[in-house]
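Participant: Full structure from sequences and hints, please.
2 protein chains.
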Amino acid sequence: MDSISLKKKLSKFDVHWSPKLIGELNGQYVKLAKGVGELVWHAHAEEDEFFLVLAGRLHPHFRDRVTILNPGECCIVPRGVEHKPVAEGEVQVLLFEPKSTRYTGDHDGEQTVAVDDQDWI
Amino acid sequence: MDSISLKKKLSKFDVHWSPKLIGELNGQYVKLAKGVGELVWHAHAEEDEFFLVLAGRLHPHFRDRVTILNPGECCIVPRGVEHKPVAEGEVQVLLFEPKSTRYTGDHDGEQTVAVDDQDWI
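Protein chains in written order, with my numbering: chain F, -18 to 102; chain G, -18 to 102.
Just to be clear, a hint being listed does not mean it is correct.
Copies of the same chain look alike in the list, so a pair counts if it works inside one copy or between any two.
Taking lysine to any residue and the SDA-like style, the derived pairs with C-alpha atoms no more than 20 Å apart in a straight line are [unchecked claim]:
1) Lys(-12) <-> Thr85
2) Lys65 <-> Asp(-17)
3) Lys(-7) <-> Arg46
4) Lys(-7) <-> Asp100
5) Lys1 <-> Val21
It is worth saying that the hints were derived from the structure and are not from the lab.
Facilitator: Listed below in structure tokens is the structure:
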């Protein structure tokens, strides 16, 4: 019920493509993430994902299109849809997704962060 | 999967305390709302609510405290907690809550908007 400042929370980490937890409600997490470059292609079989860009620009790549998200713009990636987040410069993003969501979905690799290893900030 | 501009969506309505739908994921809605003055005291028995202030200032009143939310600040109201949103000037807010959430929770009155009457914009 207290105020959570996105700016203050974003100042607490610098790591890329490793989302941090800032809230939990109705079985969902609210997360913040920073990224630059590319995350791997992946999909989430059971979870839809919401991205809101806070700073920078995110280019979610899909197999049939590339969406461009500027600050104040958001999109929803439905479950099962392959996507690859790309950012030329650093992007800062707010995410809503189920607590069960693994950041790299069905992909296992060095960019994978286990669900239990996501830190609260 | 397309870009949704919060600014463009906010330009599509002027009504206060009547949230509009902009997205749906995992049984939750993403909503935008504008408000000025006070909404009634209410609680949601089964739903937690997330508020992110986009413009203006929101003062969620609780029975034991008042939180102040400036732009870029958010809070989560747990299920069952009585609250009354207050805004001195116009506030613009992003909401994330279950599809079943009634805006005025357990309160029936002239500020109530039925779940099925929430418009997509």
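Participant: Next step is simple, just say for each hint if it's right about the structure.
Facilitator: Going down the list of hints, with the structure as the test:
1. Proximity of Lys(-12) to Thr85 under the C-alpha cut-off of 20 Å is found in neither arrangement, the shortest distances being 25 Å within a copy and 30 Å between copies.
2. Taking the shortest Cα distances, Lys65 and Asp(-17) sit within 20 Å of each other only across copies (14 Å), while inside one copy they are farther apart (34 Å).
3. When the C-alpha separation of Lys(-7) and Arg46 is checked against a cutoff of 20 Å, the pair qualifies neither within a copy, at 33 Å, nor between copies, at 27 Å.
4. In the homo-oligomer, the alpha carbons of Lys(-7) and Asp100 lie at most 20 Å apart inside one protomer (11 Å), although the nearest pairing across protomers, at 38 Å, exceeds that limit.
5. With identical chains, the CA atoms of Lys1 and Val21 are at most 20 Å apart within one copy only, with a shortest distance of 18 Å there and 34 Å across copies.
In the structure shown, a violation is registered for the earlier hints numbered 1 and 3, in ascending order.
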